[in-house]
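Peer 1: Since the structure of chain A is already known, use the hints to place chain B on it.
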Amino acid sequence: MSDQPADDSPPGALGVLTVLDLSEGVAGPYAAMLLAAYGARVVKVERPGSGDRLRRGGTIAGGEPPPEGSLPFRQLNAGKLGLSLDYETAAGARLLARLAEDADAIIEDAPTRRQAALGLDAETLIAAVPRLVITTVKSGPTAAATAGLHVFYATLAALWSAAQTEHGQVVEVDEAFAIASDHGPELTRRLGGGDEAAVVAPAVAAASPTGRREGPSVAQPEAGRVALPPPAPFRLTAAAATAAPAPLLGEHTRRVLGELLGLEAAALDELGRDGVV
Amino acid sequence: MLPLPLYLLHVLDLTRSAAGAFAGRALADLGAEVVCVESAAAPSPLRADAVAFNSLSRNKFSLALDLDGSGGRDLCLRLAAAFDVALVEPGAPLGAAALRAVSPELIVVSIDAGDAGGDSAATGLAAAAGTLTALFHHRATGQGQSVIVNGENVAAGLAVVAPAADTGPPALEGLDGFFEAVAGPNGGVAPLDGVPYRFSRTPAHVRLPAPALGEHTNDVLGHALELSDAEVAALLAAD
Numbered sequence: 001m002s003d004q005p006a007d008d009s010p011p012g013a014l015g016v017l018t019v020l021d022l023s024e025g026v027a028g029p030y031a032a033m034l035l036a037a038y039g040a041r042v043v044k045v046e047r048p049g050s051g052d053r054l055r056r057g058g059t060i061a062g063g064e065p066p067p068e069g070s071l072p073f074r075q076l077n078a079g080k081l082g083l084s085l086d087y088e089t090a091a092g093a094r095l096l097a098r099l100a101e102d103a104d105a106i107i108e109d110a111p112t113r114r115q116a117a118l119g120l121d122a123e124t125l126i127a128a129v130p131r132l133v134i135t136t137v138k139s140g141p142t143a144a145a146t147a148g149l150h151v152f153y154a155t156l157a158a159l160w161s162a163a164q165t166e167h168g169q170v171v172e173v174d175e176a177f178a179i180a181s182d183h184g185p186e187l188t189r190r191l192g193g194g195d196e197a198a199v200v201a202p203a204v205a206a207a208s209p210t211g212r213r214e215g216p217s218v219a220q221p222e223a224g225r226v227a228l229p230p231p232a233p234f235r236l237t238a239a240a241a242t243a244a245p246a247p248l249l250g251e252h253t254r255r256v257l258g259e260l261l262g263l264e265a266a267a268l269d270e271l272g273r274d275g276v277v
Numbered sequence: 278m279l280p281l282p283l284y285l286l287h288v289l290d291l292t293r294s295a296a297g298a299f300a301g302r303a304l305a306d307l308g309a310e311v312v313c314v315e316s317a318a319a320p321s322p323l324r325a326d327a328v329a330f331n332s333l334s335r336n337k338f339s340l341a342l343d344l345d346g347s348g349g350r351d352l353c354l355r356l357a358a359a360f361d362v363a364l365v366e367p368g369a370p371l372g373a374a375a376l377r378a379v380s381p382e383l384i385v386v387s388i389d390a391g392d393a394g395g396d397s398a399a400t401g402l403a404a405a406a407g408t409l410t411a412l413f414h415h416r417a418t419g420q421g422q423s424v425i426v427n428g429e430n431v432a433a434g435l436a437v438v439a440p441a442a443d444t445g446p447p448a449l450e451g452l453d454g455f456f457e458a459v460a461g462p463n464g465g466v467a468p469l470d471g472v473p474y475r476f477s478r479t480p481a482h483v484r485l486p487a488p489a490l491g492e493h494t495n496d497v498l499g500h501a502l503e504l505s506d507a508e509v510a511a512l513l514a515a516d
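Protein sequence lines, in the order shown, are assigned to chains A and B.
Under the working numbering, the first residue of the first sequence is numbered 1, with each subsequent residue one higher.
Under the working numbering, the first residue of the second sequence is numbered 278, with each subsequent residue one higher.
Treat the hints loosely; a few may be bogus.
Just a sample of chain A residues kept apart from chain B, beta carbon distances all over 10 Å, derived [what the hints assert, rightly or not]:
| no. | residue |
| --- | --- |
| 1 | Arg-56 |
| 2 | Glu-88 |
| 3 | Ala-91 |
| 4 | Arg-98 |
| 5 | Arg-189 |
| 6 | Thr-242 |
| 7 | Leu-248 |
| 8 | His-252 |
| 9 | Arg-254 |
| 10 | Leu-261 |
| 11 | Ala-267 |
One-sided excerpt, in silico: chain A residues whose CB lies under 7 Å from chain B [as the list claims (entries may be wrong)]:
| no. | residue |
| --- | --- |
| 12 | Pro-48 |
| 13 | Ser-50 |
| 14 | His-167 |
| 15 | Val-173 |
For the record, the hints were derived by calculation from the structure and aren't laboratory data.
Positions of the beta carbon are idealized from the N, C-alpha and C atoms, including for glycine.
Only chain A is shown next, with the shape it has when bound in the complex:
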């Protein structure tokens, strides 16, 4: 992307990337939040009025009612720009398609909803925007945080590939597979596999610490609009990390549509009157 971040802070490591976060819940939003924390411009696209379902869940911070008080929402969406957009309307779908043209990646967990709105499946969308990466999260039975790390990693790898080759692609992350992968050795053992492919291993005394960690304490709710990102999974010594608060529902709608798509105030007003944004 050629656009620079609006503020003057040094760009983070991922400052060249623009990501549309269409996902709700935990894994997709966590991955998008991590992309934002390390410098990407992440636009959280939510339904006008209601927004991400997580806005109505979890601990409420500072006694503030939904859709703004949810502590887990604020933690999982820190640092994103908030765009309220009903892309199931024709006008909204056109705006989403234009945003996709300017984006490097889309993270989504409801591909059929996006597909119905745009009339485009993921492959057709990528044919129109060749560098686009579309990461589709298939939700598992439990909201597993490590699945979000997998979504983050797989999306980064596809973005890296797109940066080298100019070709994006669809990346499907099945939460059940992701969690299974974390337990790969145990599951392989349960299947009776592994040994047959074994290579000759010098005998070494087994000495692996198996102590369980204590669960760390969860950050307490705080009143006011402060950034509440979870502790970062890694630290870079030569690039800045950002810690901006989660967006209010639709907080940056005019800025995103104005800066990214060049919409004039009158057009934005009309979209607002029509309930598209």
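Peer 2: Here is chain B on its own, set in the frame of chain A:
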């Protein structure tokens, strides 16, 4: 067909922990050339559990190099200068500072698994993601840097995101298509956990079984340092 996403990424893996192995595995699965450094005197401790080793070390290469000798250490530093990324951990015979000194472009990922024994997978994944994040920074600036990964911090972040406790390995039902059949050196075929992502244009699979100790020593030294087999043999003999 496009090359795998991390094609041409060269990673020197000096870690010995499960967290380090998970990090290298995530990178190797998506096409990076991950070279694990071990030696006959100090093989990877993960080899003690063959099933786990096969799962964690598939798609990787093994370089036998004695890092306790100055000759081996010098060779390892020469290799690092030709690589993009080095994975290290506390207590490694070569530390982050020594590696950073060989090249300003090298990305050195320090993985401190801490006491998070149960979270080595998450810590490794965080390290792999940190590697790619630093690669984007390198692409923009030409600079390498250190990436600091601490298992306690990773666990603390995950606990905030989804406070539900880790429920352990999932049931095998519902995992259709996840496992892959891998050929062993004795002609057998065994199931192994697969790559958990589906890339539409760069499908990633188990390409190589876990390496035998030192299986790729000549290939790695020959290619990276542009040496003939005879020159490699002479170097190793001198060590």
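Peer 1: Hint by hint, note whether the structure agrees.
Peer 2: Structure-based check of each hint:
1. Arg-56: It holds; A:Arg-56 is separated from chain B by about 17 Å at its closest Cβ, greater than 10 Å.
2. Glu-88: Per Cβ check, A:Glu-88 is outside 10 Å of chain B; nearest 25 Å; holds.
3. Ala-91: Holds, since 30 Å exceeds 10 Å.
4. Arg-98: 23 Å, holds
5. Arg-189: Label violated. Min Cβ-Cβ 5 Å, cutoff 10 Å.
6. Thr-242: 13 Å, holds
7. Leu-248: Holds, because the least Cβ-Cβ distance between A:Leu-248 and chain B comes to about 21 Å, which exceeds 10 Å.
8. His-252: Correct as stated: the minimum Cβ-Cβ distance to chain B is 23 Å, above 10 Å.
9. Arg-254: 29 Å, holds
10. Leu-261: Nearest chain B Cβ is 25 Å from A:Leu-261, so the label holds.
11. Ala-267: 34 Å, holds
12. Pro-48: With a minimum Cβ separation of about 26 Å from chain B (threshold 7 Å), the hint on A:Pro-48 is violated.
13. Ser-50: Violated, because the Cβ-Cβ distance from A:Ser-50 to chain B comes to roughly 22 Å (cut-off 7 Å).
14. His-167: 6 Å, holds
15. Val-173: 5 Å, holds
Taken one by one, the earlier hints fail for this structure at numbers 5, 12 and 13, listed in ascending order.
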